[in-house]
Amino acid sequence: FGIAFDAIKSSKEVLTFAIDSHHPSDNTERMHLGAEYVYKDSGSIRAGYKLRLRSRKDENGKSVSLAVEDQEGVSLGLGYKTRLNDTEMNFDYAFTNFGRLQQTHRVTFGLSF
1 FGIAFDAIKS SKEVLTFAID SHHPSDNTER MHLGAEYVYK DSGSIRAGYK
51 LRLRSRKDEN GKSVSLAVED QEGVSLGLGY KTRLNDTEMN FDYAFTNFGR
101 LQQTHRVTFG LSF
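Just so we're aligned, residue 1 is where the sequence shown starts under this note's numbering, counting upward by one.
The list that follows gives simulated cross-link-like pairs (lysine-lysine, BS3-like), each with its CA atoms no further than 25 Å apart:
1) Lys40 <-> Lys81
2) Lys9 <-> Lys81
3) Lys12 <-> Lys81
Have a look at the derived ranges for each label pair, beta carbon to beta carbon:
4) Ala35 <-> Ser11: 16 to 22 Å
5) Ala18 <-> Gly61: 34 to 40 Å
6) Leu101 <-> Asn60: 32 to 38 Å
7) Leu76 <-> Ser21: 17 to 23 Å
8) Arg106 <-> Ala35: 14 to 20 Å
9) Thr108 <-> Leu33: 19 to 25 Å
10) Gly61 <-> Leu101: 31 to 37 Å
These aren't lab readings, by the way, just hints derived from the structure by calculation.
None of the values given here were measured: they were computed from a predicted structure.
C-beta: ideal position from N, C-alpha, C; glycine also.
Could you put the whole structure together from the sequences, leaning on the hints where they help?
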């Protein structure tokens, strides 16, 4: 379940905030928070945060509170999109700290025609 809304929306820029939750049947609940700023439909800056929600139990095994834990920390990203004739090109870069996997860099290059 999730929701997103545009805090700023004009012909030149859009600022979107999003939040969603994930309830897998075989793992703990997670919550994702994010924001994206897009300028002139070409340049974008993104940030996100992943949280893990765990229930704390008392000595009898009864859930007494909810603990919020850092799952991956802050993720950051940049994007650029341009058009050349009938082809749209995009480039995206993302950085995430995956704990055991340490710092992860992702690069995407795409073409749409």
